[in-house]
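Chains as they are written, first to last, in this note's numbering: chain A, 426 to 819; chain B, 724 to 1056.
There could be a bad hint or two in this list.
[As the list claims (entries may be wrong)] Capping the alpha-carbon separation at 27 Å, the derived lysine-lysine pairs in DSSO-like fashion look like this:
id, chain 1, residue 1, chain 2, residue 2
1, A, K465, B, K949
2, B, K968, A, K468
3, B, K968, B, K958
In short, the hints are calculated from the structure, not lab data.
These are the residues of each chain, in order.
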Amino acid sequence: MANEAAKLPEIAPQPGAVFPIEDDAPRVVIASQWQLMWWKFRKHRLAMFSLVIVVILYIIAIFAGFFAPQSTASYQRRYTQSPPQTIHWFDNGQFAPFVYGYAQETDPRTLRRSYVVDEENKIPLGFFVRGDPYQIGLHGIPIPGIRDLALTLDVHLFGPITPGEPFFVLGADDVGRDMLSRLIFASQVSLSVGLVGVFLSLTLGILLGGLSGLVGGWVDNLIQRTIEILRSIPQIPLWMALATAVPPRWDPVYVYFGITVILSLLGWTDMARVVRGRFLSLREEDFVMAAELDGVSRSRIITRHMVPSFLSHIIASATLAIPGMILGETALSFLGLGLRAPVVSWGVMLQDAMNIASIANTPWLLIPGAAVVITVLAFNFLGDGLRDAADPYH
Amino acid sequence: MAKYILKRLLYVIPTMFVVSMLIFVTIQLPPGDYVTNMLESMRNQTGGTTWTPEFQEAMRQRYGLNEPMPVQYAKWIGNIVLRGDFGYSFQYSVPAEKMIGDRIGMTLVVSFASFIFTWVVALPIGVLSAVRQYSLADYFFSFIGFIGLATPGFLIALVLMFLAFKYGNVSLSGLFSTEFENAPWSIAKVLDLMNHLWIPMVIIGVSGTAGLIRIMRANLLDELHKPYVETARAKGMPEWRLLIKYPLRQAMNPFVSGMAWVLPSLIGGEAIVSIVLNLPTTGPVLLNALLWQDMFLAAGFLMLLSLFTIIGMLLSDILLAWLDPRIRYSEGR
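Based on the sequences and whatever the hints tell you, model everything.
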């Protein structure tokens, strides 16, 4: 605490604060570390905006069935590869959203189907409409008992008022499945891979990095050499090699965890470096020395004094590690080495866009790529903001 | 300096040794081997012939697939070190080093070109963004940089392929025009290569460039506000000479060490982008070798890719030591 108190007078009062400076000063002085960090984080506009985006993305992923107009499995053979429809919000000046249906024409020579907007056929849309049934809850976890903690509903946020009418805001894929619905369901996998993967690499990283920084000596040497060696193998080829070891016939849930473990097997090294560096620099700090002189036990020094003072840095590094995991899963699934159908992730969806023929005819198959970019950008900015805020005294 | 280089060079040997073990174990991880894989694919094809058990046994015997893993490893690494023999590629029925040799040269050309691109672009832009902080150019390049960081290379490749098809009606795949694909090397073929090379070069280089720009910008900004810069300016030193002579030299260090982490991502990115663009490099063959458990071929590729990475990191360390006497003296002894 001595250290914190010594640095406090340097804090600049909040610009734009309503209070005069004299009144504001005590507020800063008595604020907790987390409060100071929040104040600092709030000033980083892009990071705040990204936080909102990330929260929205996760809400959509959790309630995917509600936000998606259809289920992932439902398809309409008549509408394979149909292009995105434009939503018309007003009909004759009244709020009544609708899309136009499609009339099909088949080229007599190439036998390729093409779709023409059929202005005669208006498909009325509405909010909170009934459609495909879906589950919300813990049904994805294959443990009896937990699996049953889910609700089955059939109300969708937005969709055609008559269920089964063609409604493809982002187009349909080769089988006639709605891209938007698949995109939303895929976010469940793509977004959770990042979290689970970072959790695993964080656990490994804190364990090994902490060991390295605290014990030192040959343990430190061994762990550091291991990290160096792991980092000298190009990551993507090694991921590819490891991913082939996951048997394709496994249950999708095991494949999911297999891929996540593979991603974290290489991801922990960065975490371990951060943790080790923090432990090494904190060991020299006055407040640790003071605690030692007071006869505080070693484990208490670590848990009560050292960990809280670098936890924020760890959170920031973990956030910055999430994009790498998401990109890794996308790349592996795209190559057909990661998750496989019927599981949908953004990478699995992008697999359909692998060759020039399909992109040329159905460019909307690239849309999952945009989802990846937006998510990764949001996490990058969020991580940047957290990293800046992690050091509120700076 | 010589001592430092020698020390780092010697360090490559044990590193490669451990890396080779890791690679060999990884390659052996999937259940079954090439023979079982082949059998299964023959079974799936209607009316496909199957190998007799005797033939399977002979095949395993010949390539030592029945032996315990340490023995297999010892034979494999022994042959590589002593004879440059990387084993046999089951898929292509040729020695693995022949397949690898054909492909790895092109991988080197593409990776090296992307690497040069990364540097040539990142250095001036990084300096510009720092010197003209918050200018329009700074914002523009920061924006492009963030997009570049967040977009996987294969996605850029797909989007470019689409745009080229739609608006230019050209195909971006491959490294050579059809008429040169199997032609012997000539000046015309090299020119044709140059004509195709820039596309993968830019695609693979983009994310590394974005990262390096950020490093350069951040470090140069830190240096620009230090008192020694003020002093030099107060003494009337011309702005550009000042920049290049002092703060830039300081900011170069993290930039050079950034090279070490850009390299593995370049080589890895090359693997995926080359699959999408169908380049005659490592990526497509490596992917197939992994899927088919053509283990010696896959292991050989992974070994050489790792070797390149390690050599690249070594060069970056040497360059860093050459730039910064502090590193030279503290580690040279």
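Each hint, compared with the structure:
1. A:K465 x B:K949: Answer holds: A:K465 to B:K949 is near 25 Å, not above 27 Å.
2. B:K968 x A:K468: 36 Å, violated
3. B:K968 x B:K958: Holds, at roughly 14 Å.
In this structure, the one hint that does not hold is number 2.
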